[in-house]
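Note that the protein sequences, when read in sequence, are chains C and D. Residue 83 is where the first sequence starts when you use the working numbering, and the numbers rise one by one after that. Residue 83 is where the second sequence starts when you use the working numbering, and the numbers rise one by one after that.
Some hints could be false.
Which copy? The list can't say, so a pair holds if one copy fits it or any two copies do.
Claimed, not checked - Within a straight-line C-alpha distance of at most 20 Å, the following computed SDA-like cross-link-like pairs (lysine to any residue) qualify:
#1 Lys-102 / Glu-92
#2 Lys-102 / Gly-346
#3 Lys-102 / Arg-120
#4 Lys-102 / Gly-188
#5 Lys-102 / Pro-259
#6 Lys-102 / Leu-185
#7 Lys-102 / Val-321
#8 Lys-102 / Ala-184
#9 Lys-102 / Ala-194
Calculated directly from the structure, the hints in this document are not laboratory data. Just so you know, these numbers come straight off a predicted model, no measurement behind them.
Protein chains: 2
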Amino acid sequence: MSDPRPGEFELIARLAARLKAPRRPGSVGIGDDTAVLRFGDRHLLLTCDIAVEGRHFLRGQMPMADVGWRTATANVSDVVACGGRPLCALISLGVPADAPVALYEGLYDGLAEASAHYGFDVLGGNVSGAAEIVLDIFMVGETTRFVARSGASPGDLVAVSGTLGDSAAGLHLLTRPPASPGEEWLRRRHVRPLARIDLVEPLREAASAAIDISDGLAPELGHLAERSGVRLEIDPARVPCSPELRAFAGARGEDALRYALHGGEEYELLLTLPQRRLAAFAPGSLTVIGEVRAGRGVLLAGEPLAPEGWDHLRPPQPRR
Amino acid sequence: MSDPRPGEFELIARLAARLKAPRRPGSVGIGDDTAVLRFGDRHLLLTCDIAVEGRHFLRGQMPMADVGWRTATANVSDVVACGGRPLCALISLGVPADAPVALYEGLYDGLAEASAHYGFDVLGGNVSGAAEIVLDIFMVGETTRFVARSGASPGDLVAVSGTLGDSAAGLHLLTRPPASPGEEWLRRRHVRPLARIDLVEPLREAASAAIDISDGLAPELGHLAERSGVRLEIDPARVPCSPELRAFAGARGEDALRYALHGGEEYELLLTLPQRRLAAFAPGSLTVIGEVRAGRGVLLAGEPLAPEGWDHLRPPQPRR
Numbered sequence: 083m084s085d086p087r088p089g090e091f092e093l094i095a096r097l098a099a100r101l102k103a104p105r106r107p108g109s110v111g112i113g114d115d116t117a118v119l120r121f122g123d124r125h126l127l128l129t130c131d132i133a134v135e136g137r138h139f140l141r142g143q144m145p146m147a148d149v150g151w152r153t154a155t156a157n158v159s160d161v162v163a164c165g166g167r168p169l170c171a172l173i174s175l176g177v178p179a180d181a182p183v184a185l186y187e188g189l190y191d192g193l194a195e196a197s198a199h200y201g202f203d204v205l206g207g208n209v210s211g212a213a214e215i216v217l218d219i220f221m222v223g224e225t226t227r228f229v230a231r232s233g234a235s236p237g238d239l240v241a242v243s244g245t246l247g248d249s250a251a252g253l254h255l256l257t258r259p260p261a262s263p264g265e266e267w268l269r270r271r272h273v274r275p276l277a278r279i280d281l282v283e284p285l286r287e288a289a290s291a292a293i294d295i296s297d298g299l300a301p302e303l304g305h306l307a308e309r310s311g312v313r314l315e316i317d318p319a320r321v322p323c324s325p326e327l328r329a330f331a332g333a334r335g336e337d338a339l340r341y342a343l344h345g346g347e348e349y350e351l352l353l354t355l356p357q358r359r360l361a362a363f364a365p366g367s368l369t370v371i372g373e374v375r376a377g378r379g380v381l382l383a384g385e386p387l388a389p390e391g392w393d394h395l396r397p398p399q400p401r402r
Numbered sequence: 083m084s085d086p087r088p089g090e091f092e093l094i095a096r097l098a099a100r101l102k103a104p105r106r107p108g109s110v111g112i113g114d115d116t117a118v119l120r121f122g123d124r125h126l127l128l129t130c131d132i133a134v135e136g137r138h139f140l141r142g143q144m145p146m147a148d149v150g151w152r153t154a155t156a157n158v159s160d161v162v163a164c165g166g167r168p169l170c171a172l173i174s175l176g177v178p179a180d181a182p183v184a185l186y187e188g189l190y191d192g193l194a195e196a197s198a199h200y201g202f203d204v205l206g207g208n209v210s211g212a213a214e215i216v217l218d219i220f221m222v223g224e225t226t227r228f229v230a231r232s233g234a235s236p237g238d239l240v241a242v243s244g245t246l247g248d249s250a251a252g253l254h255l256l257t258r259p260p261a262s263p264g265e266e267w268l269r270r271r272h273v274r275p276l277a278r279i280d281l282v283e284p285l286r287e288a289a290s291a292a293i294d295i296s297d298g299l300a301p302e303l304g305h306l307a308e309r310s311g312v313r314l315e316i317d318p319a320r321v322p323c324s325p326e327l328r329a330f331a332g333a334r335g336e337d338a339l340r341y342a343l344h345g346g347e348e349y350e351l352l353l354t355l356p357q358r359r360l361a362a363f364a365p366g367s368l369t370v371i372g373e374v375r376a377g378r379g380v381l382l383a384g385e386p387l388a389p390e391g392w393d394h395l396r397p398p399q400p401r402r
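Pulled out of the complex, with its shape left as it was, chain C reads as follows (with noise of 0.2 Å):
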């Protein structure tokens, strides 16, 4: 083969187009966040993510329970992102025989405190060898409108919740004690990230388009940008980062901006609205960063934004 070795998103659209389109009305399949099943007049959303050791998390790095709650957050966020609460989960682990029973302990503790958190209930799972520890949730939420990735229209605007780039300056907090409040801040932003279950409300009832930002702002943007069918314009100066953030970046003589558009595992959501439903949510709890408009890509202060950001068949680039 000429490519035996291609990024995830080349790899997922090759092994899609091995299969078949769904054949039942409703279904939305491969290129969201969550997978749809309409049930009677109800929308099932059907996610699942993944914690492998060695890459989305190393054993003694952070309690166990951390990676607990941490991945069901990753699933959460998805549900969330489609206008969507969580209702159950099932637990899918790969045990290696050098762990002790102690760290899956740990890591349902985590997963029990985020069931309890965002509501949603452990059903079942599965238990097998392996070579490393490996979760893999799979989670089923319900929404009654599913607001997907693809309906942002010329004229929307773009907003974020949150502040962007904390997990990305908090992933370098691991390795030793943090200095000060604000760096314990940013660690805690990393290790215990909150899906925001919070705005599901006003997003359903006022996105046009929504993602959560699990990869970075970029590419998320890029995503957004591209299964719409738009572009995107976007003002650097109003990318929210927080004052931790830039006192960290700071101190190391680097810009906040770029943790903020190109570190993962932020879980804040990324969403387009018309400009007449940004009163659907409470004042502060979005930052408007852009508008959509006619035409392709993602432009940054007048320049196209390469779509940079995770790429978790790729091994983490080393971050000074």
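Since the structure of chain C is provided, determine the placement of chain D on it from the hints.
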């Protein structure tokens, strides 16, 4: 910890103990072939089953299309054992750096075949780096009546579909060319097992309890007896073994019954039903192998039967 390596079922019990019981009415959690989510009069069945390289298959030992087919079949079989038909699946893929894309394309060809045969849609999934090839399938099915493991009553008959032990014999035939059409048939029973979706209508109508035979007849009898709170009395002479298995075992000086009792990855059905409901099944599609009595455990020809079978946390035992 006193016991760093409990078996599969003990580990599941210990982890399940850390979770709260489902809060949604009608939800059935850990302990059955599938989890159940009730929507009005419809039951959504949720299950997952994983194939890990080096544990469930070896690269090069069988075509990857067979690995895809078998893993999909394992999931469909869990849905069928609960009286359901599969609706859709998500695929979670672990991708090691050294595996060429053609392997995944083969895997997906097998999944596409299974999707067409069993009638489910592949709606999405997830790709991650991993140390070994991991194929984790999450399947959603549907039934109007959930057939649990717990419904067997004293006086019911115990019955199985098909013939048992073929797959375990076929496992031996992966590493050498089959010496006869009978051996080729056994090999095919291993690499291309069929979930008994052809029996789902009478099963849903007539069975008091059911389970699919994924870990061998002996352990599945044990699960059914335990969950139903009954004793199962089995006549070994009535356990159906194929002529091909008898010839294979006989040539090795072994007892075909041993394969039937302890061989895994079978995907035939074990069920209980009242005598008067037997007519729901077409003649010859079931074999009655015993009866349900008040009491506990499993008796084979009057002797207690140890529930020995596959444990996916322990490496496969070498078989002569």
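Next on the checklist: Taking the earlier hints as the rules, which of them does this structure contradict?
Outcome noted: 2, 5, 7
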